[in-house]
Amino acid sequence: MTDLPLSGLRVLDFAQFLAGPVAALRLADLGAEVIKIERPQGGDLCRSMVVNDQRLDGDSLVFHTFNRGKKSVTADLKRPEDLADVRRLIETADVMIHNFRPGVMERIGLGYDAVKALNPRLVYGAVSGYGAEGPWKDKPGQDLLVQALSGIAWLNGNDGDGPVPTGFAMLDVATAGQLVQGILACLVRRGVSGRGGLVEVDLMSAAIDMTFEQFTCFLNDDSGQPRRHAQGNANPYQPAPYGVYRTADGHMALAMAPLARLAELLACPEIAAFGQAQAFARLNEIKSVVAGVLATQPTKHWLDILEPAGLWCAPVLDWPAFAATPGFAALDPVQVIRTEGGADAKTTRCPIRIDGRMLRNPVAAPALGADTDAVFGSLVAAARA
Amino acid sequence: MRPLDGVTVVDFSQFLAGPYAALRLLDLGARVIKVENPDRGDLCRHHYVSATRVEGDSTLFHAINRGKESLTLDLKSIDGQQAAQRLVAGADVVIQNFRPGVIDRLGLGYEAAQALRPGLVYGSISGYGETGDWAGLPGQDLLAQARSGLMWLSGDRGQGPVPVGLPVADIAAGACLAQGLLAALFRQARSGVGAHVQTSLLEALIDLQFEFLTTWMSNGQTPPRRMRQGSAHGYLAAPYGVYDTAEGWLALAMTPLPVLTEALGRPALTAELDGMDGFADREAIRAAVQAVFATGRAADWEAELAAKGIWCARVRTWEDMIAEGGPAVTGMLRPGAELARVAAPFRLDGQRPEPARRGPALNEHGQKLAAEFGFSAAAATG
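Those protein sequences? They're chains A and B, same order as listed.
When we follow the working numbering, the leftmost residue of the first sequence carries the number 1, and every step to the right adds one.
When we follow the working numbering, the leftmost residue of the second sequence carries the number 1001, and every step to the right adds one.
So that you can see chain A by itself, here it is in the shape it has in the complex (with noise of 0.2 Å):
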């Protein structure tokens, strides 16, 4: 078997929370060496951001999920030798990752400029909320206030609801993908140059992208915001059917469909007495009379007579449903981590598959400063060498 794509780099991750180190998870997985530099007292402070009252080893199961595989290095880097030392492992480095504030780096002396100076192969990124500059550079770059900020929160839900958030942290898993792409990319570039980079994400950024579809028919027509379906809504761009649908024993959506088409499998010439053309003028009518038949029988009685017919529809799953179904099994997504002290738990693994194989790692994430005295004490060891 071919190593991993990333084996053999090393990579420091001075970031907190979730953007940063989501990205160097996805680097572990790909098969680098990360390093978490945490400060002394108490490090991420992710380790005591506890949810749903879990805990692994001490640590919050969330710090688990986010830093599972990685080391664990303490350093102040307020004291000049403890900075001395990550300066010397940074020379080693082929990426570092940071979620600072914008110009705190600077401050320390860790800033691009002077890192590059150190090291000019490092590839640097950098994740901010908001950028470096304008009015919001200083506001939390939290994924709710972003997508409060970015107009994603009227996209969900229904005409005539308030904002509706998407209810997980969409933006800085988006925002951690686009940070592990330009580290990538810059990689590549490293073997024909030699030379380093510097990546600059922020979650307003990946906001904007994650809706950039949507948000160009916005730029190019005078409509305004797009007004959200008045019910069962999945996109407001889109024309019915597209969307959501009450059935007598649960829940299905349907996804593009030819209204005559639909008509004729619902038997419900109404539907077609529309006309195609009206498919998105008249949205909210032609809705409410395919809302109108669905209501009457259960999910699977419709998926048998519009799936055989290559109509797009699917019944909405819970997760107990869904992890029950084969098709949860044949993506076989669960991998079980362990911690150093022996507990377990469960986590998914990466969504990415290189040569068939999937991307599975079965350790937990580091005590705080588990690895201070090998990462160091092998820059000691290798500097006498």
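It cannot be assumed that every hint is accurate.
[As the list claims (entries may be wrong)] Sample of chain B residues at the chain A side, in silico, Cβ under 10 Å: (1) 1173; (2) 1304; (3) 1343.
[What the hints assert, rightly or not] Computed list of chain A residues with no C-beta within reach of chain B, every gap over 10 Å: (4) 81; (5) 83; (6) 101; (7) 114; (8) 157; (9) 161; (10) 186; (11) 228; (12) 254; (13) 267; (14) 284; (15) 309; (16) 345; (17) 362; (18) 369; (19) 378.
To be clear, the hints were calculated from the coordinates, so they are not data collected in a lab.
Values in this document were obtained by computation on a predicted structure and should not be read as measured data.
C-beta atoms are modelled at their ideal positions from N, C-alpha and C, and glycine is treated no differently.
Let chain A serve as the given structure and place chain B on it in line with the hints.
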């Protein structure tokens, strides 16, 4: 120099997930050649209802395919297959999103492509993986959301399933594919070994929910609970969420209750919330805090609380965001009389890559590519 200068991507995919991955590589410097079917091309050219069209194609097509080259090939014909083979032989990266098995029947599967171009980095996106009962299902965003459990995370408790109102599965899967392709390109440059990178809409959605799913798999499968109102995260304690005010809405992130009540300076509220648990009592806490926020405007609450270090934001529309966001927002926007565009969501060496003005006309580059890659110009059927 952009990082991927000199890298050629041949993209057989359509719709959003695959073309989005190619767009990210393009912004990073790669050349992207889009292979389309002669019968109207990428369905996305015609697919959407948005009133605006640019040179006959949907605005969305241009958003997704700006800066790419277009070539039409009939992949069922011998000529078309030979031309595709020439393209693959000259490519660094190939992307495809046909249903499982189709690309192999066309003679352009991973093994065949690797024989044509040893060391090729090859990316496949599917809806639900390549094996199992769901492998043949249409890989469509809303349907993948419906199957993944994700629709029970947004919205309020009484609302039923609430989809994410943007193509989140497509974009997340495209991003995952781009990451795998880039990692494989890095390895290819070091070792010469090619790779087959695979992901799917469903794997990307599982990854997007990984924080929650990990919690759920470890807590006896207690699902996240949406709030009756203003829900924003099923596992986080009050006051996290969205509040209705006298004018507009206010989003409030993680804030310890004593910090919030101190900042609001209302002794009655402080007394009411005293001793309450942020998670167990979150509905009661929310109701009490909501009553206070209802007495003022969101803009005023934001100004007052942000000055005290509370993590909050008035909920904006797109118009508000553009008016107020400054360079964080406008840096990504390229207004234009012909087509306004959205640029890449990252900066490289301090610069944001400049987006092309539009997507290609169907087969715009067919003749040029036939000459360059040495296949019959007749294969590129315009």
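Verification of the supplied hints:
For the restraint placing residue 1173 (chain B) at the interface with chain A, the shortest Cβ-Cβ distance is roughly 8 Å, inside the 10 Å limit, so the hint holds. A least Cβ separation of about 15 Å between residue 1304 (chain B) and chain A goes past the 10 Å threshold, and the interface hint is therefore violated. The beta carbon of residue 1343 (chain B) comes within 9 Å of a beta carbon in chain A, closer than 10 Å, and the hint placing it at the interface holds. In this structure residue 81 (chain A) is separated from chain B by more than 10 Å, as the shortest Cβ-Cβ distance comes to about 32 Å.
No Cβ of chain B comes within 10 Å of the Cβ of residue 83 (chain A); the nearest lies about 25 Å off, and the non-interface call holds. Interface exclusion of residue 101 (chain A) from chain B stands, the closest Cβ pair being 13 Å apart, more than 10 Å. In this structure residue 114 (chain A) is separated from chain B by more than 10 Å, as the shortest Cβ-Cβ distance comes to about 15 Å. Non-interface call for residue 157 (chain A) relative to chain B: violated, since the shortest CB-CB distance, roughly 6 Å, does not exceed 10 Å.
Here residue 161 (chain A) does not stay apart from chain B, with its beta-carbon only about 8 Å from theirs, under the 10 Å limit. With a least beta-carbon separation of about 5 Å from chain B, residue 186 (chain A) fails to lie farther than 10 Å from that chain, contradicting its non-interface assignment. Its beta-carbon lying about 7 Å from the closest one in chain B, residue 228 (chain A) breaks the requirement of being farther than 10 Å from that chain. Residue-level check failed: residue 254 (chain A) sits 8 Å from the nearest beta carbon of chain B, not beyond 10 Å.
Separation of residue 267 (chain A) from chain B is adequate, the least Cβ-Cβ distance of about 23 Å exceeding the 10 Å criterion. With 10 Å as the threshold on Cβ separation, the claim that residue 284 (chain A) sits away from chain B holds: the shortest Cβ distance comes to roughly 14 Å. Non-interface status of residue 309 (chain A) relative to chain B is upheld: no Cβ of that chain comes within 10 Å, the nearest being about 12 Å off. Taking the minimum C-beta to C-beta distance to chain B, about 5 Å, the non-interface status of residue 345 (chain A) is violated against the 10 Å cut.
Listed as a non-interface residue, residue 362 (chain A) keeps its Cβ farther than 10 Å from every Cβ of chain B; the least gap is roughly 14 Å. Residue placement check: residue 369 (chain A) keeps its beta carbon more than 10 Å from all beta carbons of chain B (closest about 24 Å). Listed as a non-interface residue, residue 378 (chain A) keeps its Cβ farther than 10 Å from every Cβ of chain B; the least gap is roughly 23 Å.
Figure legend: structure checked against the earlier numbered hints; hints not met, in rising order: 2, 8, 9, 10, 11, 12, 16.
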